[in-house]
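Chains Y and S, in that order, are what the protein sequence lines are.
Per this note's numbering: the first sequence ends with 413, consecutive numbering throughout.
Per this note's numbering: the second sequence ends with 848, consecutive numbering throughout.
Just so you know, these hints were derived from the structure itself, not from any lab.
Keep in mind that a hint or two might mislead.
What the hints assert, rightly or not - Below, simulated DSS-like cross-link-like pairs (lysine-lysine); rule was C-alpha separation at most 25 Å, straight line:
1. Y:LYS295 x Y:LYS236
2. Y:LYS297 x Y:LYS285
3. S:LYS710 x S:LYS620
4. S:LYS620 x Y:LYS141
5. S:LYS763 x S:LYS650
6. Y:LYS265 x Y:LYS295
7. Y:LYS265 x Y:LYS297
8. S:LYS522 x Y:LYS285
9. Y:LYS265 x S:LYS578
10. S:LYS522 x Y:LYS236
11. S:LYS601 x S:LYS578
12. S:LYS650 x Y:LYS142
13. S:LYS620 x S:LYS650
14. S:LYS650 x S:LYS578
15. Y:LYS236 x Y:LYS142
Here is how the chains run, residue by residue.
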Amino acid sequence: MKNKRFSNFFYDYIQPILTNKKSLIGLIIFSFFILMATIGPLVVPLNMNSNFAERYQKPSLKHPFGTDYFGVDIFQQIVHGSRSVISLTLLASLFAVIIGTIFGVARGYIEGIAGKILDAIITVFLVIPSFPALLILAAIFTNAKLNAVEIALLVAIWLWAPLAKQISAQVLTVKSKEFIEASRMLNMGLGYILFSDIAKLLIPYIFINFVTQIKSAMEFSIGLMFLGLAKFDPTHWGIMLNYALYQAGALYTPKGFHYPFFIILNIVLLIYGGILLAQGIEEVFNPKLRGHE
Amino acid sequence: MKYIVDRLVYLFVVLIIAISGVFVLVNKMPGDPAYGLAVSIAQQRNMQMDQALEIAHKIMGIDPHESLIVRYFRFISNLFKGNFGYSAFYQTSVNEIIAKSLPWTLFVISLATFVSFLVGIFMGSFAAQKRGTVIDLIISTISSIIQAVPPFVLAVLILFIFAVRLRVLPIGGAYPVDVEPSFSLQFILKVLHHAIGPMFATAIPQMAAWTLAMRGNTSQVMEEDYIRFAQARGLKDSVIANKYIKNNAMLPLVASLAISIGYMLGGHTLVESIFNYPGIGFYFGKAIAVRDFGLLTGLFSLIVIGVIIATFIAEIIYALIDPRVKLK
Numbered sequence: 121m122k123n124k125r126f127s128n129f130f131y132d133y134i135q136p137i138l139t140n141k142k143s144l145i146g147l148i149i150f151s152f153f154i155l156m157a158t159i160g161p162l163v164v165p166l167n168m169n170s171n172f173a174e175r176y177q178k179p180s181l182k183h184p185f186g187t188d189y190f191g192v193d194i195f196q197q198i199v200h201g202s203r204s205v206i207s208l209t210l211l212a213s214l215f216a217v218i219i220g221t222i223f224g225v226a227r228g229y230i231e232g233i234a235g236k237i238l239d240a241i242i243t244v245f246l247v248i249p250s251f252p253a254l255l256i257l258a259a260i261f262t263n264a265k266l267n268a269v270e271i272a273l274l275v276a277i278w279l280w281a282p283l284a285k286q287i288s289a290q291v292l293t294v295k296s297k298e299f300i301e302a303s304r305m306l307n308m309g310l311g312y313i314l315f316s317d318i319a320k321l322l323i324p325y326i327f328i329n330f331v332t333q334i335k336s337a338m339e340f341s342i343g344l345m346f347l348g349l350a351k352f353d354p355t356h357w358g359i360m361l362n363y364a365l366y367q368a369g370a371l372y373t374p375k376g377f378h379y380p381f382f383i384i385l386n387i388v389l390l391i392y393g394g395i396l397l398a399q400g401i402e403e404v405f406n407p408k409l410r411g412h413e
Numbered sequence: 521m522k523y524i525v526d527r528l529v530y531l532f533v534v535l536i537i538a539i540s541g542v543f544v545l546v547n548k549m550p551g552d553p554a555y556g557l558a559v560s561i562a563q564q565r566n567m568q569m570d571q572a573l574e575i576a577h578k579i580m581g582i583d584p585h586e587s588l589i590v591r592y593f594r595f596i597s598n599l600f601k602g603n604f605g606y607s608a609f610y611q612t613s614v615n616e617i618i619a620k621s622l623p624w625t626l627f628v629i630s631l632a633t634f635v636s637f638l639v640g641i642f643m644g645s646f647a648a649q650k651r652g653t654v655i656d657l658i659i660s661t662i663s664s665i666i667q668a669v670p671p672f673v674l675a676v677l678i679l680f681i682f683a684v685r686l687r688v689l690p691i692g693g694a695y696p697v698d699v700e701p702s703f704s705l706q707f708i709l710k711v712l713h714h715a716i717g718p719m720f721a722t723a724i725p726q727m728a729a730w731t732l733a734m735r736g737n738t739s740q741v742m743e744e745d746y747i748r749f750a751q752a753r754g755l756k757d758s759v760i761a762n763k764y765i766k767n768n769a770m771l772p773l774v775a776s777l778a779i780s781i782g783y784m785l786g787g788h789t790l791v792e793s794i795f796n797y798p799g800i801g802f803y804f805g806k807a808i809a810v811r812d813f814g815l816l817t818g819l820f821s822l823i824v825i826g827v828i829i830a831t832f833i834a835e836i837i838y839a840l841i842d843p844r845v846k847l848k
């Protein structure tokens with residue numbers, strides 16, 4: 121039984137991702153960075169001591185990405201920073217999915233004035249330009265030392281609304297379908313209806329949104345760090361970029377070009393992996409594109 | 521008509537909720553919002569701190585003994601009268617800052633919208649018609665890669681490459697400091713020259729988004745039965761491509777034009793800060809950096825109002841151009 125369930129899961133979710141070209145490439149890029157984040161710091165030691173004899177060294181065998189203003193190896197910092205970049209991103213995306221699902225299902229189920237209010241709240245978060253709002257929030261909390269979970273929550277607040285909208289629409293249409301009625305007639309209890317009948321329909325939406333939010337979550341968290349509005353791990357790529365451009369002024373010295381370049385390269389590559397994965401997964405799982413119903 | 525009124529009321533409620541949320545957040549902050557202004561007054565006029573605080577409160581229109589609710593209603597009623605508040609950092613009304621910065625932002629955003637929409641529509645339909653070829657692959661790959669570059673990183677790159685290294689673009693301002701604003705051709709050229717950097721930093725990501733959207737829409741329309749019918753009628757390929765495919769694929773995009781302008785209003789913040797371009801976003805960034813919460817609330821309210829108006833316009837346009845959506 122358990123085995124069959126696993127093979128179903130494989131054929132339903134894993135195989136389609138592996139056969140779609142986009143999601144496969146995206147997955148490879150993403151796995152590469154996840155490997156970097158999990159195993160990397162164990163293999164590559166981080167030496168943050170400044171070494172002025174070796175500042176702004178060009179990329180070489182000894183320093184694959186060269187060295188920064190203080191002569192610290194950039195590759196080491198990138199590897200160690202990937203851990204906080206990826207964990208922040210995944211956490212923020214996860215929170216956004218949880219908030220969005222709760223709000224969406226609630227909106228779909230609750231009728232009357234309370235439902236209208238929920239709807240207005242969702243629209244507020246849909247309409248408000250998220251980046252400026254995030255900046256205001258960050259500016260307010262800037263003196264409080266936030267940990268990873270809190271920063272992820274701060275980012276997630278501006279990501280959940282589209283999912284809530286989609287889910288509430290789904291729940292609204294599904295609610296009156298025959299098989300839900302059937303479950304209700306059979307006295308199946310709200311819990312069963314919610315988690316067994318409706319959840320099955322919502323999983324593709326939740327899954328797609330989780331992946332598409334990775335891009336914005338990454339952009340937002342790196343943007344926050346880049347502006348110096350959230351203090352965190354000094355090897356977080358956003359903070360590294362802030363440091364390279366504003367503290368060390370690497371743009372203004374010809375020797376320092378590789379410093380921001382490798383940081384930007386890694387940021388763009390990681391986000392690109394996320395986008396490809398999201399596009400592929402959307403092609404595979406979007407109930408509309410697949411012609412469900 | 522009833523539909524329009526309904527939507528207006530609804531969006532108005534959304535606007536009030538959004539602005540109230542920001543107001544409460546900002547005012548729940550520990551500390552006195554007038555403190556910063558008071559410090560500078562005390563230094564300038566050589567005064568005692570509590571005296572300076574009193575003056576600061578008067579200037580900013582704050583009564584420290586007032587409750588939050590009274591202050592909130594004052595803020596909202598001021599907003600309806602068109603008064604966006606007071607900036608402690610610039611020591612002037614937010615309205616004045618808006619008056620001198622909003623034109624620049626609107627100028628750059630409309631340029632960026634125009635350029636990105638035209639290029640995106642062209643590239644998107646071109647790629648869709650060459651679907652499956654190398655050209656299509658190149659266009660769509662480049663568009664997705666551009667989408668992976670965060671806008672602020674793109675702005676930094678443009679600033680670095682074209683202003684710092686190649687020195688073909690200025691590194692800040694809306695026009696050179698030593699030139700008096702006038703309506704001469706020379707001045708207009710200077711203004712355009714200064715707008716190029718921020719304009720492209722905003723337009724390029726949009727361009728990629730329009731290209732991908734147009735490509736998707738075009739390929740969808742090309743599958744439609746009426747296109748096959750048009751081919752069967754023996755219409756020229758060029759007529760089908762321009763009259764039948766392009767128009768129908770563009771329809772949904774025209775409606776989202778307004779939304780994209782609203783989106784850019786928000787996303788433009790960092791770009792202007794990076795280019796030191798004196799628009800709304802620049803002052804917004806400044807307000808965040810110096811924690812000027814009066815200016816912050818005022819500018820944010822303005823941005824939200826702009827976005828909501830854009831959303832409303834988008835809904836109306838959509839109903840007008842698509843006969844299937846009726847204004848109920």
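Results for each hint:
1. Taking the CA atoms of LYS295 of chain Y and LYS236 of chain Y, the gap is about 17 Å. The hint holds against a cut of 25 Å.
2. About 19 Å separates the Cα atoms of LYS297 of chain Y and LYS285 of chain Y, which keeps this hinted pair within 25 Å; it holds.
3. As the CA atoms of LYS710 of chain S and LYS620 of chain S are separated by approximately 18 Å, the hinted pair is consistent with the 25 Å bound.
4. A C-alpha spacing of about 50 Å is found between LYS620 of chain S and LYS141 of chain Y, which places the hinted pair above 25 Å, so the restraint is violated.
5. Annotation: proposed proximity of LYS763 of chain S to LYS650 of chain S holds, straight-line Cα distance about 18 Å (limit 25 Å).
6. For a cut-off of 25 Å, the pair hint linking LYS265 of chain Y to LYS295 of chain Y is broken: about 44 Å separates their Cα positions.
7. Distance hint between LYS265 of chain Y and LYS297 of chain Y is unfulfilled; the C-alpha atoms sit about 49 Å from each other, more than 25 Å.
8. Of the pairs offered as hints, the one joining LYS522 of chain S and LYS285 of chain Y holds, with about 24 Å between alpha carbons and a cut-off of 25 Å not exceeded.
9. A C-alpha spacing of about 34 Å is found between LYS265 of chain Y and LYS578 of chain S, which places the hinted pair above 25 Å, so the restraint is violated.
10. The straight-line distance between the Cα atoms of LYS522 of chain S and LYS236 of chain Y is roughly 18 Å, inside the 25 Å bound, and the hint therefore holds.
11. For the hint linking LYS601 of chain S to LYS578 of chain S, the alpha-carbon distance of about 19 Å falls within 25 Å, and the restraint holds.
12. Between LYS650 of chain S and LYS142 of chain Y the alpha-carbon distance is near 20 Å, which keeps this suggested pair within the 25 Å criterion.
13. For the hint pairing LYS620 of chain S with LYS650 of chain S, the CA-to-CA distance comes to about 46 Å; that exceeds 25 Å, so the pair is violated.
14. At roughly 66 Å between alpha-carbon atoms, LYS650 of chain S and LYS578 of chain S are farther apart than 25 Å, so this suggested pair is violated.
15. Simply put, LYS236 of chain Y and LYS142 of chain Y have alpha-carbon atoms about 39 Å apart, too far for the 25 Å limit, and the pair is violated.
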